[in-house]
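For reference, the chains in residue letters:
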Amino acid sequence: MFGGIDPGLLIASLMVASVPILFAAVGELVVEKAGVLNLGVEGMMIMGAVTGFITAVQTGSPALGFAGGALGGAVLSLLFAVLTQVMQANQVASGLALTLFGLGLSSLLGQGLFGIKPPLTPDVPFGPLADIPFIGTVLFSHDPLVYLSVLAVAGVWAVLSFTRAGLVLRAVGESHDAAHALGYKVRRIRVLAILFGGAMAGLGGAYVSLVRVPQWTDGITAGAGWIALAIVVFASWKPWRALLGAWLFGGITVLQLNLQAAGSRIPVEYLSMSPYLITILVLVIMSSGRGRAALSAPASLGQNFHAAR
Amino acid sequence: MKRRHLLATAALGLGLAFGGAAAAQDKTKACFVYVGPIGDLGWSYQHHQGLLAVQEAYGDKVETAYQESVPEGADAERVLTQMALSGCDIIFTTSFGYMDATNAVAKKFPNVKFEHATGFKREAPNVSIYNARFYEGRAIQGHIAGKMTKTNKIGYIGSFPIPEVIMGINAYYLHAKKVNPAVELTVVWAMTWFDPAKEADAAKAMIEQGVDVIASHTDSTAPLAEAAKTGGKVIGFGQASDMAEYKPSPRVTSIIDNWAPYYVKRVGQVMDGTWESIDSWEGIASGEVELGEITDAVPADVKAEAEAMRDAIAAGTYHPFTGPINKQDGSVWLAEGATAPDGDLLGMGFYVEGITGDIPK
Amino acid sequence: MGWIVLKLEKRPSPSVFWSRATPVLAVALTMVAGGLMFAILGKNPFEAIRTIFWDPLFGEFAWYLRGQLLVKAGPLVLIAIGLSLGFRAGIWNIGAEGQYIMGAICGAAVGLAAYPTESRLIFPAMVIAGALGGWAWAMIPAILKTRFNTNEILVSLMLVYVAQTVLAMASTGFLRNPEGAGFPGSRNFSGYPAAANPELIAGSGLHWGGVAALAAVVAAYVLLQRHILGFQIKLSGQAPRAARFAGVSPQKLTVLCMGIAGALAGLAGLFEVTGPAGQISIDFNVGYGFTAIIVAFLGRLNPVGILLAGLLMALTYIGGEMAATNLGLPSAAIQAFQGMLLFFLLACDLLTNYRVRPVFKEAR
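Protein chains in written order, with numbering that gives the first Met the number 0: chain A, 0 to 308; chain B, 0 to 360; chain C, 0 to 363.
These aren't lab readings, by the way, just hints derived from the structure by calculation. We put the CB at the ideal spot given by N, CA and C, even for glycine. Take these hints with a grain of salt, some might be off.
Claimed, not checked - Rough simulated footprint, nothing fancy, chain A against chain B, three-plus residues with beta-carbon under 8 Å: (1) 35–43; (2) 102–113; (3) 161–169; (4) 299–305; (5) 321–334; (6) 337–343.
Unchecked claim - In silico contact screen, one side only, chain C against chain A (beta carbon under 10 Å); selected entries: (7) Leu7; (8) Pro11; (9) Arg87; (10) Trp91; (11) Ile139; (12) Val165.
What the hints assert, rightly or not - Pairwise CB distance ranges, derived in the manner of DEER restraints: (13) Ala218/C with Lys26/B: 23 to 31 Å; (14) Pro249/C with Glu122/B: 20 to 28 Å; (15) Trp2/C with Val85/A: 26 to 34 Å; (16) Pro127/A with Thr229/B: 15 to 23 Å; (17) Asn325/B with Leu213/C: 34 to 42 Å; (18) Phe161/A with Ile142/C: 55 to 63 Å; (19) Gly111/A with Leu24/C: 34 to 42 Å.
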């Protein structure tokens, strides 16, 4: 069944394929850990895709492009922050509205960007390391954002687990009333988390328009934000499991296309369903038998906080 | 108030009443319905270029209107009705899925002309259908692919298994095989109309399998961008638009959907009153299928052959589906010297002999 | 010296006045902000606003467009009603789009299997099959949740993509029109009266889907106000622990709420495929299942509110189309405009639940 598919190349491809959803998922994970459910990931990603593209084309620098993408995503998420943290609006509906708005706005901003090739993002030069069989392909032949996405996971994990800031963030997500009583600024912390989530989603979006596809067209993220949301749930709000989930999903997507290319006899329609079905299956296996493992959602998730006094 | 009431009782049954209103205008109004955003840089974008050409050709004498991202089905029917009501004289519906809606609305508005792209139904005298023979361009791409592949593996990224796509795959394969009997075709189905990232992955998967010429039936530049990363080892083609930014390689030529000649002609016919319901399926000859510049990455002799084939197709002396051609199962489709009837092509649901793998069902 | 700050004070109970007035205020604010956007895009803002909000209701072609409001609002309301029950109980079914698709496929399959038999029983059988199809698709996340603790957000969302692939298979394979010259798509139900769902009164836009939506609004209202189940749903959402003490089984409630939502979404799909859409095709679904989530919350999970929210959403779709065609506005501008409307509606809700009080602060 795996005849003709080089595992090294496959792993290298899946790492690249997963970058956009991984960035967005890690960002959303932090948002949800703070007790906020932002369903606007798709909208923030596509805003990042267009602002990143514009910045990179204007400045000629991919690095500035990614910064612009992150900024674009963060600015859009600020709208969500105002709605839910200041105006106490319903988070689910606000997030969905954010997606609608982001899709529309990105398309308006992107008019006139057709047929432009953005500046190339070079791979990190590892020199001879990249020529090592298998390991070189898997580990030393990527652009900087691939490494950054893994670092982001590690960073979020470290901050959430070992720092005071992480502790406070989790406290706010578990019980905003208790956190408030302890004197933490619940809303300020949540706004910061939302901005971080927006920036990460924007970064993921910019990766699509600058590296994965290198062009701008309307709707270019094509639903990646929704997958990112699912990955956060898949991960049970644990950073390393988000990495696992993104790689699993990206890996099966890449694998099914490779199987098609290698002339597998498995019918195409089943192959194209497989990323979704296998993700469900793996989650079922992971969440069953572990008692309450699946219920590890932050307790205040989706609830707005208003200090009585 | 009275008029509104009258119209309401007449409902949509009396389309004649509105046709009169439309004809009273001095400008001819041409309307277009697109299935995607015009920023898709592919299918809808190219149709919109046709609208711009109409505007350019007739200037003040014509008024144009369009609606983007219209879902097929109920929404299409409403948009078409609104357009007919608001005085459009001719409406181009530019996606296969608008077929039933176009015919249904056309029956209610006999004085408005309807033009449906890529379908087969003409249930009212004011409906025309039109399409482009993209397979002619695919044949030329196949020729180039067969000549230029070094690994003898060529690829094709399909969207959904519909006749239009299958026709393209067959034309591509047949002409590659003709000049290179050792060639093998790999087809990857994306099972989506639009997901650029997935197209990139599909192209990458094929490249990893040793494919070095990639044609795609999806409209983004993602496959070309993947090909570009190989540093000239893999080539591809522009699809729908020229994708000139990837010249001279990996993009060695392209198929450009050029609807402008047809749109300009048909709107002109509405203006001078000579419009008739037709079934139009034009190709390279009339300019609807345009072959983008063949770059110097293609050896001169191959380029000359490709251009000769293009000219023969344009002159009508060569049909890309000329027998003998067998179906995948070995049964005879076209006998020696026979050319494919249009009906067989439009409903094509089989691979030709030599292609491995099954069409998804 | 000092300054005035605005302070929010939670109302003991939502203000009735503001709950009626905020939508009006929000629409007015959207007109201002949206008008500004249209002006930036170089269009006449007054004309654009009139085209979107006024013309579909009272304009020249309102006799046609009013009916179309029902066509567009029907499936949104029907799906949103089902979803709202689950959302109230804290059950997150966001895969109504998939349930909608499966309802349409199952219902259509029954009708197409019977083709060309003429019988009065065919349409009712299709309705049942449609509801069952949606129900069964929703049972997958429901049972995985109750049996294996699997999160329903992920499962229901992933199943949307699976349903879309099944839809593509149906259109190009097992439900394809044998007389369709090899093109994708099923037979059109408008040519098969026994299985069709035409307008009940010509030109009104009202078909069985609209009737079902209204019936669902009434039924949900009665359920929530008068029935013990409605009480259990509300209690589970507000106080899950208390609900468990009161003898409410979360498992049963999950299965029930997901089942109702799935069945209603399936019905919406069936009525759509047999009526306005006419046939199964690769692009049959247009996102009603996702938009319905917005409608549900915009209606504050209240049946009457959902009905109004569904009609308002439908208005922006239809008015937006008019504006795009007649004024040449990009459809992206319409999308952004819809987003703005939702922002304002959600933000203004603040006034319903909170009192905004100016407080004088002493400078220190």
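Hints versus structure:
1. Coverage of a stretch by a chain is defined here by at least three residues with a beta carbon nearer than 8 Å to that chain's beta carbons; for the stretch 35–43 of chain B and chain A the count is 6, and the condition holds.
2. For the stretch 102–113 of chain B, the proposed coverage by chain A is not satisfied: 0 residues have a C-beta within less than 8 Å of a C-beta in that chain, short of the threshold of three.
3. Coverage of a stretch by a chain is defined here by at least three residues with a beta carbon nearer than 8 Å to that chain's beta carbons; for the stretch 161–169 of chain B and chain A the count is 0, and the condition is violated.
4. A stretch counts as covered by a chain when three or more of its residues have a beta carbon under 8 Å from one of that chain; for the stretch 299–305 of chain B and chain A the count is 0, and the coverage is violated.
5. Residues of the stretch 321–334 of chain B with a Cβ under 8 Å from some Cβ of chain A number 0, which does not satisfy the need for three, so the listed coverage is violated.
6. For the stretch 337–343 of chain B, the stated coverage by chain A is violated: 0 residues have a C-beta nearer than 8 Å to a C-beta of that chain, whereas at least 3 were required.
7. At a threshold of 10 Å, the smallest CB-CB gap from Leu7/C to chain A is about 7 Å, leaving the interface hint in force.
8. Restraint check, Pro11/C versus chain A: the minimum CB separation of about 12 Å is more than 10 Å; hint violated.
9. At about 12 Å, the closest approach between the beta carbon of Arg87/C and any beta carbon in chain A exceeds 10 Å, and the interface hint on this residue is violated.
10. About 9 Å separates the beta-carbon of Trp91/C from the nearest beta-carbon of chain A, less than 10 Å, and the hint is met.
11. Interface restraint check for Ile139/C: the shortest CB-CB distance to chain A comes to about 8 Å, inside 10 Å, so the restraint holds.
12. At its closest, the beta carbon of Val165/C sits 8 Å from a beta carbon of chain A; the interface hint therefore holds under the 10 Å criterion.
13. A hinted range of 23 to 31 Å is violated for the C-beta pair Ala218/C and Lys26/B, which are about 52 Å apart.
14. Look at Pro249/C against Glu122/B: about 55 Å separates their beta carbons, and that is not inside 20 to 28 Å.
15. Distance hint for Trp2/C and Val85/A: a CB-CB separation of about 18 Å, inconsistent with the stated range 26 to 34 Å.
16. Remark: the range hint 15 to 23 Å for Pro127/A to Thr229/B is upheld by a beta-carbon distance near 21 Å.
17. Judged by the Cβ atoms, the range 34 to 42 Å given for Asn325/B and Leu213/C is violated: they are separated by roughly 59 Å.
18. Take Phe161/A and Ile142/C: their Cβ atoms lie about 39 Å apart, and the range 55 to 63 Å is violated.
19. In this structure the hint that Gly111/A and Leu24/C lie 34 to 42 Å apart at CB holds, the actual value being about 36 Å.
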